[in-house]
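Residues per chain, in single letters:
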Amino acid sequence: MSVLSELFQLHVLLPWLLGMLFGIFVGATPGLTATMAVALIVPVSFYMPDPNTGLAMIIGVSFTAIFAGDIPATYLRIPGTPASAAATLDGHQLAKQGRGRFALLIDLFCSSIGGLVGVTLLILIAPQLARFALKFSNFEYFWLAIFGLSMSAVVSSGNTRRGLLAAAFGMLLATIGLDVVSGAQRFTFSNPELMGGLGFIPVMIGLFGVSEVIRSVLSGFKAEDSNTTNSDKGDSALHSLVAIWKHKFTVIKSSMAGTIIGALPGAGADIAAWAAYGLEQRTSKKGANFGKGEVAGVVAPTSANNAAVSGAWIPALVFGIPGDAVTAIVLGALMMYEIKPGPLIFEQNPEQINAIFLIALITQLLLIPCGYLGLKTFGWLLKLPRSMIMVAVLVFSVVGSFSLRNSIFDVYVMAIFGLVGYFLEAKRVPLAPLILGLILGPMVEENFRTGLIKSEGSLLPFLNRPICAFLVLLLIVAFISPLLLKRIRRKPAKLV
Amino acid sequence: MTKSIHAILLILLPFLIGCKPSDPNAAAASYPSKSITVICPWAAGGGTDRLSRFIADQLQSELGKPGVVINRTGGSGAVGHSAGALAKPDGHTITMITFELSTMHWMGISDLTWEDYEPVLQMNADAAAIIVRADAPWKNLNEFLAAAKADPGKLTMSGTSTGGAWDLARAGFQLEADVPVEAIRWIPTKGSAPSIVELLGGHIDAVCCSVPEAISQIEAGQLRTLAVMSEDRLLDYPDMPTAKESGINWVAVGWRGLAVPKGTPEPILQTIREACERIITSPEYDDFMKKNGFSTEIRTGDAFSQFLADQDSQWKTVIEAAGYAK
Numbered sequence: 001m002s003v004l005s006e007l008f009q010l011h012v013l014l015p016w017l018l019g020m021l022f023g024i025f026v027g028a029t030p031g032l033t034a035t036m037a038v039a040l041i042v043p044v045s046f047y048m049p050d051p052n053t054g055l056a057m058i059i060g061v062s063f064t065a066i067f068a069g070d071i072p073a074t075y076l077r078i079p080g081t082p083a084s085a086a087a088t089l090d091g092h093q094l095a096k097q098g099r100g101r102f103a104l105l106i107d108l109f110c111s112s113i114g115g116l117v118g119v120t121l122l123i124l125i126a127p128q129l130a131r132f133a134l135k136f137s138n139f140e141y142f143w144l145a146i147f148g149l150s151m152s153a154v155v156s157s158g159n160t161r162r163g164l165l166a167a168a169f170g171m172l173l174a175t176i177g178l179d180v181v182s183g184a185q186r187f188t189f190s191n192p193e194l195m196g197g198l199g200f201i202p203v204m205i206g207l208f209g210v211s212e213v214i215r216s217v218l219s220g221f222k223a224e225d226s227n228t229t230n231s232d233k234g235d236s237a238l239h240s241l242v243a244i245w246k247h248k249f250t251v252i253k254s255s256m257a258g259t260i261i262g263a264l265p266g267a268g269a270d271i272a273a274w275a276a277y278g279l280e281q282r283t284s285k286k287g288a289n290f291g292k293g294e295v296a297g298v299v300a301p302t303s304a305n306n307a308a309v310s311g312a313w314i315p316a317l318v319f320g321i322p323g324d325a326v327t328a329i330v331l332g333a334l335m336m337y338e339i340k341p342g343p344l345i346f347e348q349n350p351e352q353i354n355a356i357f358l359i360a361l362i363t364q365l366l367l368i369p370c371g372y373l374g375l376k377t378f379g380w381l382l383k384l385p386r387s388m389i390m391v392a393v394l395v396f397s398v399v400g401s402f403s404l405r406n407s408i409f410d411v412y413v414m415a416i417f418g419l420v421g422y423f424l425e426a427k428r429v430p431l432a433p434l435i436l437g438l439i440l441g442p443m444v445e446e447n448f449r450t451g452l453i454k455s456e457g458s459l460l461p462f463l464n465r466p467i468c469a470f471l472v473l474l475l476i477v478a479f480i481s482p483l484l485l486k487r488i489r490r491k492p493a494k495l496v
Numbered sequence: 001m002t003k004s005i006h007a008i009l010l011i012l013l014p015f016l017i018g019c020k021p022s023d024p025n026a027a028a029a030s031y032p033s034k035s036i037t038v039i040c041p042w043a044a045g046g047g048t049d050r051l052s053r054f055i056a057d058q059l060q061s062e063l064g065k066p067g068v069v070i071n072r073t074g075g076s077g078a079v080g081h082s083a084g085a086l087a088k089p090d091g092h093t094i095t096m097i098t099f100e101l102s103t104m105h106w107m108g109i110s111d112l113t114w115e116d117y118e119p120v121l122q123m124n125a126d127a128a129a130i131i132v133r134a135d136a137p138w139k140n141l142n143e144f145l146a147a148a149k150a151d152p153g154k155l156t157m158s159g160t161s162t163g164g165a166w167d168l169a170r171a172g173f174q175l176e177a178d179v180p181v182e183a184i185r186w187i188p189t190k191g192s193a194p195s196i197v198e199l200l201g202g203h204i205d206a207v208c209c210s211v212p213e214a215i216s217q218i219e220a221g222q223l224r225t226l227a228v229m230s231e232d233r234l235l236d237y238p239d240m241p242t243a244k245e246s247g248i249n250w251v252a253v254g255w256r257g258l259a260v261p262k263g264t265p266e267p268i269l270q271t272i273r274e275a276c277e278r279i280i281t282s283p284e285y286d287d288f289m290k291k292n293g294f295s296t297e298i299r300t301g302d303a304f305s306q307f308l309a310d311q312d313s314q315w316k317t318v319i320e321a322a323g324y325a326k
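Top line first, the protein sequences correspond to chains S and Z.
For the first sequence, this note's numbering assigns the number 1 to the initial residue and increments by one for each residue that follows.
For the second sequence, this note's numbering assigns the number 1 to the initial residue and increments by one for each residue that follows.
Hint data in this document are derived by calculation from the structure and do not stem from the laboratory.
Quick caveat, the model's predicted, so the values are computed rather than measured.
Just so you know, even glycine gets a beta-carbon here, dropped at the ideal spot from N, CA and C.
Check before you lean on any hint, since a few could be wrong.
Straight-line C-alpha distance at most 20 Å; calculated DMTMM-like pairs for lysine to aspartate or glutamate [said to hold, decoys possible]:
{"hint": "1", "chain 1": "Z", "residue 1": "Lys326", "chain 2": "S", "residue 2": "Asp179"}
{"hint": "2", "chain 1": "S", "residue 1": "Lys340", "chain 2": "Z", "residue 2": "Asp135"}
{"hint": "3", "chain 1": "S", "residue 1": "Lys340", "chain 2": "Z", "residue 2": "Asp151"}
{"hint": "4", "chain 1": "S", "residue 1": "Lys135", "chain 2": "Z", "residue 2": "Asp135"}
{"hint": "5", "chain 1": "S", "residue 1": "Lys340", "chain 2": "Z", "residue 2": "Asp236"}
{"hint": "6", "chain 1": "Z", "residue 1": "Lys291", "chain 2": "S", "residue 2": "Glu338"}
{"hint": "7", "chain 1": "S", "residue 1": "Lys454", "chain 2": "Z", "residue 2": "Asp236"}
{"hint": "8", "chain 1": "Z", "residue 1": "Lys290", "chain 2": "Z", "residue 2": "Glu219"}
{"hint": "9", "chain 1": "Z", "residue 1": "Lys190", "chain 2": "S", "residue 2": "Asp179"}
{"hint": "10", "chain 1": "S", "residue 1": "Lys454", "chain 2": "Z", "residue 2": "Asp151"}
{"hint": "11", "chain 1": "Z", "residue 1": "Lys154", "chain 2": "S", "residue 2": "Glu456"}
{"hint": "12", "chain 1": "Z", "residue 1": "Lys290", "chain 2": "Z", "residue 2": "Asp239"}
{"hint": "13", "chain 1": "Z", "residue 1": "Lys190", "chain 2": "S", "residue 2": "Glu445"}
{"hint": "14", "chain 1": "Z", "residue 1": "Lys290", "chain 2": "S", "residue 2": "Glu338"}
{"hint": "15", "chain 1": "S", "residue 1": "Lys340", "chain 2": "Z", "residue 2": "Glu219"}
{"hint": "16", "chain 1": "Z", "residue 1": "Lys291", "chain 2": "S", "residue 2": "Glu445"}
{"hint": "17", "chain 1": "Z", "residue 1": "Lys149", "chain 2": "S", "residue 2": "Glu456"}
{"hint": "18", "chain 1": "Z", "residue 1": "Lys262", "chain 2": "Z", "residue 2": "Asp116"}
{"hint": "19", "chain 1": "Z", "residue 1": "Lys149", "chain 2": "Z", "residue 2": "Glu182"}
Computed beta-carbon distance windows for the label pairs [unchecked claim]:
{"hint": "20", "chain 1": "S", "residue 1": "Ile123", "chain 2": "Z", "residue 2": "Lys190", "range": "38 to 44 Å"}
{"hint": "21", "chain 1": "S", "residue 1": "Tyr412", "chain 2": "Z", "residue 2": "Ala321", "range": "38 to 44 Å"}
{"hint": "22", "chain 1": "S", "residue 1": "Leu124", "chain 2": "Z", "residue 2": "Ala321", "range": "31 to 37 Å"}
{"hint": "23", "chain 1": "Z", "residue 1": "Ala134", "chain 2": "S", "residue 2": "Leu460", "range": "26 to 32 Å"}
{"hint": "24", "chain 1": "S", "residue 1": "Pro466", "chain 2": "Z", "residue 2": "Ala134", "range": "22 to 28 Å"}
One side only, chain S facing chain Z, incomplete, derived with CB under 7 Å [as the list claims (entries may be wrong)]:
{"hint": "25", "residue": "Lys96"}
{"hint": "26", "residue": "Leu134"}
{"hint": "27", "residue": "Ser182"}
{"hint": "28", "residue": "Ala184"}
{"hint": "29", "residue": "Gly196"}
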């Protein structure tokens with residue numbers, strides 16, 4: 001308990017809370033990601049008098065930024081971080097109905113619960129989960145990515161053909177750059193800026209943010225033509241808690257799935273959010289309402305993405321191997337604190353591990369006041385005239401795109417995709433599948449080709465490895481069950 | 001119509017603000033007259049980034065102007081390296097150059113070579129190592145190589161992308177050991193960390209990366225080093241044999257150093273050299289390198305230029321033999 005009393009001192013709590021508020025700000029700013037928030041806070045944390053204060057800042061930031069990314073995704077339909085893209089669906093639909101605050105309060109509580117479930121699993125069964133994650137190789141990751149990609153049909157808001165087109169376009173865009181498998185250049189036109197591929201963030205901000213600015217300006221900032229909203233019914237927190245209670249199993253299920261996906265070194269919070277969304281859509285009775293402002297469509301991805309942040313700590317602590325970009329930075333920082341994560345840390349430095357666990361748990365609770373402040377401030381800012389909001393969106397879009405690689409090229413990419421997004425939406429092509437294609441296209445391709453190198457060209461390992469077989473089965477069930485359910489439900493209706 | 005003009009102006013606004021007239025020639029006498037930018041060609045949070053931030057911090061106290069790190073990533077390091085070489089040669093932009101500078105022009109990724117720079121000094125070199133699971137059937141390097149020779153194409157190895165530093169290191173090593181490059185299949189990954197996961201999970205047979213990258217698993221007894229591709233045994237890990245001890249005359253290191261654009265005036269270059277030499281001889285530097293697990297290997301002046309020229313020819317041979325040349 002000495003650690004606990006040590007943590008609850010002003011010189012620890014103050015930087016901790018300030019760090020978390022900083023995480024909220026960065027996460028809520030389109031283009032500034034959780035990864036960047038952590039990278040920026042790490043050098044500051046070294047100035048803290050003791051390691052626990054520094055660690056509290058770093059852990060605090062890593063958990064808040066992902067929730068904060070859902071704030072602009074819900075209110076403005078502009079994801080603040082890649083892991084928040086799923087919140088542009090049901091969360092945003094609720095906001096358009098004037099229930100943005102309701103959606104975000106659900107989001108906040110579920111983020112906190114998701115994080116708590118994730119950290120609890122981390123404490124209880126980290127070594128087991130880590131060993132399970134080791135069983136995943138290219139063959140398994142391939143099916144995981146295919147499962148994610150199959151969701152593009154779900155998120156195409158009733159327009160499957162256009163949705164698939166958008167997903168294919170996203171996958172095509174993802175092929176630009178140096179091919180990881182062979183090192184060949186694809187569509188780079190010898191431009192070194194294109195060798196690393198199109199930045200995911202500039203494309204995402206362009207598609208969602210800049211296109212919205214264009215639309216707003218062209219429509220003379222009229223609310224009805226816009227995707228953004230500044231009317232809010234102001235539901236109380238109680239409404240949201242009741243709504244969560246009705247979906248308690250979804251919260252738990254999504255949090256567990258998120259933790260497991262987060263623990264896989266080849267998948268992160270973004271994929272966890274989509275997978276949870278798809279899983280819920282396929283198994284929920286209200287699956288057909290998804291994308292129209294369904295509460296479960298808010299609950300599932302947001303529980304999963306915060307749980308995935310905890311999940312990513314599992315391989316980081318157990319093997320000393322980062323589960324995602326954020327934990328990669330954290331591992332570097334831990335080394336500076338002379339903490340060596342890895343198989344030996346649990347035996348050699350149990351005190352340090354306990355401190356990390358405790359900080360992570362308390363962070364989930366501190367998230368609620370910090371997040372509340374964030375969404376309150378954001379809701380207040382939305383009362384400003386729409387033209388001013390759009391200027392701010394544009395400024396942050398440019399800053400965000402530029403700061404990622406310090407490249408003006410990325411700003412051009414963002415501007416071009418602003419136009420692309422505007423035209424695609426004008427032609428009623430949904431953007432969510434495009435994002436899915438962009439994230440998952442490379443994952444499908446690289447794992448398929450690398451898998452084939454491993455198996456010397458044989459397709460068999462894609463089917464006969466136990467986890468592969470299970471994933472294939474899941475995929476088949478997921479596709480057939482909605483059709484079967486429809487049949488079953490239709491028949492009695494006809495009889496009556 | 002005015003609406004759309006507004007829209008266009010609104011969209012152009014940030015670009016207009018972004019343009020500013022370039023500085024006139026900065027006089028060598030007043031150097032440094034503004035903040036020093038350290039370009040890091042790799043992402044924030046990685047090892048090269050940590051070293052860049054440390055150097056920027058130290059340069060700040062040495063030269064009395066703010067030191068700023070800019071991560072210019074992409075194109076396997078090509079973007080950052082060219083940005084650094086093409087910067088104004090006034091000493092206010094310093095680049096953290098890395099191993100890839102010696103290889104990317106042979107692979108057709110960039111036209112850039114070390115001769116586009118004025119080398120300042122080398123700071124570090126991490127030797128490649130061949131690492132296997134602790135329970136692997138090969139007791140030593142020769143048994144491993146014999147297995148690769150006996151059944152070509154059976155063993156798999158990873159460590160980074162195809163044509164990346166550790167792939168080239170093992171390819172050159174195999175050539176020297178008279179084992180054809182294709183005899184061991186290279187499984188491309190995004191870096192050493194995912195490769196170590198693959199190795200622990202039993203999906204591949206060996207990993208080629210630097211020792212510090214795998215040290216926590218090695219110390220825990222899960223992984224084992226067969227050979228380190230260094231001149232002598234590593235100071236920090238004296239129990240790990242070198243490839244040379246098994247009769248394979250091969251050294252491969254991933255290195256980092258500092259350079260400024262070609263054409264930087266001599267007095268400014270001198271000031272930077274002196275500042276950097278003070279930094280790398282400080283106890284803070286030793287402490288930093290130790291905490292991060294980086295091996296210090298310092299070359300200054302002509303020795304560094306010679307090293308860069310040697311690296312260039314060493315990797316040319318390997319890249320051609322491995323079939324990566326463009």
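Comparing the hints with the structure gives:
no.	hint	in the structure
1	Lys326(Z) to Asp179(S)	15 Å, holds
2	Lys340(S) to Asp135(Z)	23 Å, violated
3	Lys340(S) to Asp151(Z)	38 Å, violated
4	Lys135(S) to Asp135(Z)	17 Å, holds
5	Lys340(S) to Asp236(Z)	16 Å, holds
6	Lys291(Z) to Glu338(S)	7 Å, holds
7	Lys454(S) to Asp236(Z)	34 Å, violated
8	Lys290(Z) to Glu219(Z)	16 Å, holds
9	Lys190(Z) to Asp179(S)	11 Å, holds
10	Lys454(S) to Asp151(Z)	15 Å, holds
11	Lys154(Z) to Glu456(S)	9 Å, holds
12	Lys290(Z) to Asp239(Z)	18 Å, holds
13	Lys190(Z) to Glu445(S)	14 Å, holds
14	Lys290(Z) to Glu338(S)	10 Å, holds
15	Lys340(S) to Glu219(Z)	11 Å, holds
16	Lys291(Z) to Glu445(S)	38 Å, violated
17	Lys149(Z) to Glu456(S)	18 Å, holds
18	Lys262(Z) to Asp116(Z)	6 Å, holds
19	Lys149(Z) to Glu182(Z)	10 Å, holds
20	Ile123(S) to Lys190(Z): 38 to 44 Å	29 Å, violated
21	Tyr412(S) to Ala321(Z): 38 to 44 Å	40 Å, holds
22	Leu124(S) to Ala321(Z): 31 to 37 Å	51 Å, violated
23	Ala134(Z) to Leu460(S): 26 to 32 Å	29 Å, holds
24	Pro466(S) to Ala134(Z): 22 to 28 Å	25 Å, holds
25	Lys96	23 Å, violated
26	Leu134	4 Å, holds
27	Ser182	6 Å, holds
28	Ala184	9 Å, violated
29	Gly196	3 Å, holds
Checked against the numbered hints given earlier, this structure breaks hints 2, 3, 7, 16, 20, 22, 25 and 28; the rest are met.
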